[in-house]
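Residue numbers (the working numbering), protein chains in the order written: chain A, 23 to 350; chain B, 653 to 1002.
No wet-lab data here; the hints were simulated from the structure.
All residues carry an ideal CB built from backbone N, CA and C; glycine is no exception.
Treat the hints loosely; a few may be bogus.
Listed next, the in silico BS3-like pairs over lysine-lysine satisfying Cα-Cα at most 30 Å (straight line) [stated by the list, open to error]: (1) 818/B - 287/A; (2) 101/A - 963/B; (3) 221/A - 963/B; (4) 818/B - 273/A; (5) 272/A - 818/B.
Coverage of chain B stretches by chain A, computed from C-beta distances (three or more under 8 Å per stretch; other residues unrestricted) [what the hints assert, rightly or not]: (6) 672–685; (7) 698–710; (8) 799–809; (9) 897–910; (10) 942–956.
Spelled out from the first residue to the last, the chains are:
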Amino acid sequence: MKKIISIAAVGALLLTLAGCAGGSTSGDSASGPKPVDQLVVGFAQVGAESGWRTANTTNIQDSFKEAGIELKFSDAQQKQENQIKAIRSYIQQKVDVIAFSPVVETGWDAVLNEAKAANIPVVLTDRAVDSQDDSLYESFLGSDFVEEGKKAGQWVVDSYKDSTTPVNIIQLEGTTGAAPAIDRAEGFADAIGSDAKFKIVASQTGDFTRAGGKQVTEALLKSNPDVNLIYAHNDDMALGAIEAIEAAGKKPGVDIKIVSVDAVKDGMQALADGKINYIVECSPLLGQQLVDIVKQINDGKTPEKRIITEETTFDQAQAVTALPTRQY
Amino acid sequence: MNPTLLRAVSSRLFWPIVMLVILVAINVVAFPDFLSITVTDGHLFGSVIDILRNGAPTFIIAIGMTLVIATRGIDLSVGAVAAISGAVACSILLGSPDPGAVGTVIVAVAAALVTSLVLGLWNGFLVSVIGIQPIIATLVLMTAGRGVAMLITEGQILTVDSAPFKSLGSGFLLGMPVAVVIGAAIFVVAALLTRRTALGMLIESVGINPEASRQAGVRARVLLFAVYTFCALSAGIAGLILTANQTAADSNNTGLFIELDAILAVVIGGTSLAGGRYSLAGTLVGALVIQTLVTTVYTVGIPPIVTMVFKAAVVTAVCLLQSPATSAAVGRLRYRISARTSRVKEAAAS
Chain A
23 MKKIISIAAV
33 GALLLTLAGC
43 AGGSTSGDSA
53 SGPKPVDQLV
63 VGFAQVGAES
73 GWRTANTTNI
83 QDSFKEAGIE
93 LKFSDAQQKQ
103 ENQIKAIRSY
113 IQQKVDVIAF
123 SPVVETGWDA
133 VLNEAKAANI
143 PVVLTDRAVD
153 SQDDSLYESF
163 LGSDFVEEGK
173 KAGQWVVDSY
183 KDSTTPVNII
193 QLEGTTGAAP
203 AIDRAEGFAD
213 AIGSDAKFKI
223 VASQTGDFTR
233 AGGKQVTEAL
243 LKSNPDVNLI
253 YAHNDDMALG
263 AIEAIEAAGK
273 KPGVDIKIVS
283 VDAVKDGMQA
293 LADGKINYIV
303 ECSPLLGQQL
313 VDIVKQINDG
323 KTPEKRIITE
333 ETTFDQAQAV
343 TALPTRQY
Chain B
653 MNPTLLRAVS
663 SRLFWPIVML
673 VILVAINVVA
683 FPDFLSITVT
693 DGHLFGSVID
703 ILRNGAPTFI
713 IAIGMTLVIA
723 TRGIDLSVGA
733 VAAISGAVAC
743 SILLGSPDPG
753 AVGTVIVAVA
763 AALVTSLVLG
773 LWNGFLVSVI
783 GIQPIIATLV
793 LMTAGRGVAM
803 LITEGQILTV
813 DSAPFKSLGS
823 GFLLGMPVAV
833 VIGAAIFVVA
843 ALLTRRTALG
853 MLIESVGINP
863 EASRQAGVRA
873 RVLLFAVYTF
883 CALSAGIAGL
893 ILTANQTAAD
903 SNNTGLFIEL
913 DAILAVVIGG
923 TSLAGGRYSL
933 AGTLVGALVI
943 QTLVTTVYTV
953 GIPPIVTMVF
963 KAAVVTAVCL
973 LQSPATSAAV
983 GRLRYRISAR
993 TSRVKEAAAS
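Excised from the complex, chain A in its bound form (with noise of 0.2 Å):
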């Protein structure tokens, strides 16, 4: 029995070893272009932190699958380090493109110079990396949250543009340090910078939890209760601050105007409902790009360096139509 059992095994790991050397030559041919079909893609995900990520995860895959594409997918539960060992295992099984959301800015250089070493190109989708070293990547695809920031602050500047007296904001920030919350915050500062009239009388970070935007909103309402407008970093947020808003007896989207950025489906249906007044979007929806750049990729041409998901903006009557087809 013994016996059966260590033949059983020397041939499991010899089929491995045939396996691992498979892969190997056809990695080595990888310099020309492939066939789509015959391209491999490992994509290491964040995890699935929000229905915003969901929506993330589903739609790459279905664009890679459309695409004829095999996509190996991996979820990183929010660990850096699970991360890291699902990269290391695309480089490993010699992918032709690896594409990853990075849950944090830093630590990187090293993984992504084993990658460079290993020749395999990488894309980072919706969050970016702090390295000096730029080479690391072929390209960053994702939104531009200072953007976003700036379409937030140029829908109050318009629509406060005949308005003499002083407009009173409240800003509800994201997470302290995570870049969509200082670009956001940054963005809209630009926009409204100029002019002395709008005032942004406090600004509390909220988490981006809706459970944080009440509570910061019910606090901030008591001490601020001439307040005109409410700028949320995220569209739970927003949602908090109109429970805290009708809790104190004001009518939320008419008392007091609410601004978000994202674009979920029950953000959107508060801004159909009349409760919020405009979302700017933040699509997660980047597969499509993802596939166009990893056939650039394959063809041996140069992808930008910096790729702007195609995102828009959307006020209460958009919202009506655009509602029933929302996927996320």
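Chain A is already provided as a structure; the job is to place chain B on it using the hints.
Same frame as chain A, but now just chain B:
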């Protein structure tokens, strides 16, 4: 200083209460209407009411945590249990044809509480029967629990539209927020059960010396099962309030780090992590200090970047003032003063 004041100073609750008063004073300076309570739509409305309502979930969990800590244990899984409880309730509400019906909400709440009970039994089993150290035993559920909640919600944030369920988090009963009423009820039940019967003393005895209390005939195993189950039940109730408050089950963020806040509330309240003596009233003060601290940050307008440092400074100050070294110093001072007064009296007599 007179002796009554000195006795008050050496009480464990003195410094937490001083801190609470200071925090309230800061708020009143920054925002003069802080203490004003008005009646809006037939219920009480004001910053103080907000503090009570937002602090209720932490307080409810901290009550359960106090009893667990009194047995020289700890329960790290409360945040995860809260998330699971919310997830169970919301998925039942969403799966039912009529989420707004009171009957459906009762079923959903009951299912969530039964789930919490089972999770508490699991913790109690690991600690009392298998004999795993509590910090490790509950760490299992702390890490795995959020995964379970994610499985239940399929990784989504489940938004529910159900008026009776929502009222658990933001509704009012007799003018007071429902969450506060629930918190008060649990506090009264826990206080009566443990202080009007021998239960509290038995729990303390297990915390002070499990082996000695076993030999004295205290059924430590049953008691451990009971406290962990009660703690998980409190976590389940808190989870329902948190979920109802935001009308959505968010597996990642519901009750995130609430175990730390609850433990902190217990410790600020003067219950020792080494087990034994505990104080439910102290836990109430601890939970109020924590929630008032959060509100102070918003009212005073402390920038988010320094918020953590501000909170850490306040908590450090409370812990230092409460430390045995400080109370020993106060004790010495008290001794010296009383010695001096008696010398003066002797001199006067002679």
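Okay, the hints, checked on the actual structure:
1. Distance hint between residue 818/B and residue 287/A is fulfilled; the C-alpha atoms sit about 20 Å from each other, no more than 30 Å.
2. This hinted pair checks out: residue 101/A and residue 963/B have alpha carbons roughly 27 Å apart, not beyond 30 Å.
3. Proximity of residue 221/A to residue 963/B is assessed by CA-CA distance (about 27 Å); at most 30 Å being required, the pair is judged to hold.
4. Of the supplied pair hints, the one linking residue 818/B and residue 273/A holds, its CA atoms being roughly 18 Å apart against a limit of 30 Å.
5. With a C-alpha separation of about 18 Å, the suggested pairing of residue 272/A with residue 818/B holds against the 30 Å cut-off.
6. Chain A is given as covering the region 672–685 of chain B, and this holds because 3 residues of the stretch bring a CB closer than 8 Å to a CB of that chain, at least three being needed.
7. Given as covered by chain A, the region 698–710 of chain B passes the check, having 4 residues with a CB less than 8 Å from a CB of that chain where 3 are the minimum.
8. Here's how the region 799–809 of chain B fares: 4 of its residues keep a CB closer than 8 Å to some CB of chain A, so the rule of at least three is met and the hint holds.
9. Remark: the region 897–910 of chain B is confirmed as covered by chain A, as 8 of its residues place a Cβ nearer than 8 Å to a Cβ of that chain, reaching the required three.
10. Coverage of the region 942–956 of chain B by chain A holds. Counting CB-CB distances below 8 Å, 8 residues qualify, and the rule asks for three or more.
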